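Colleague: Count the sequence shown with the numbering used here and you get residues 5 to 79, in order.
Derived from the structure by calculation, the hints contain no laboratory data. The reader is advised that the hints may include incorrect statements.
In silico BS3-like pairs for lysine-lysine, Cα to Cα no more than 25 angstroms straight-line [as the list claims (entries may be wrong)]: (1) LYS60 / LYS32; (2) LYS60 / LYS24; (3) LYS43 / LYS10.
None of the values given here were measured: they were computed from a predicted structure.
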Amino acid sequence: MSNTSKYQLFVSNKCSCCDKIVDYLKRKKISISTINIDKEDYTLPFSLMIFPALVKEKKVVSYGCDDIIIRLNIA
């Protein structure tokens, strides 16, 4: 894994998959900016409707646990 600092992970309290991806990041010691939309203010030029969502440079690059894990493992 190289640079994950350009990524933002958007999660929600109502998403069991979000818990799974946050636990995965902790276990693998992957440092990534994580924003819980139910607890924090955030600004994006678009609306998010599916969680978790992985954003890079204000563009959605991946949705869902498995796709995000794959993306971060090759980042």
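Colleague: Can you name, in rising order, the numbers of the hints this structure does not satisfy?
Modeller: Result: no hint breaks.
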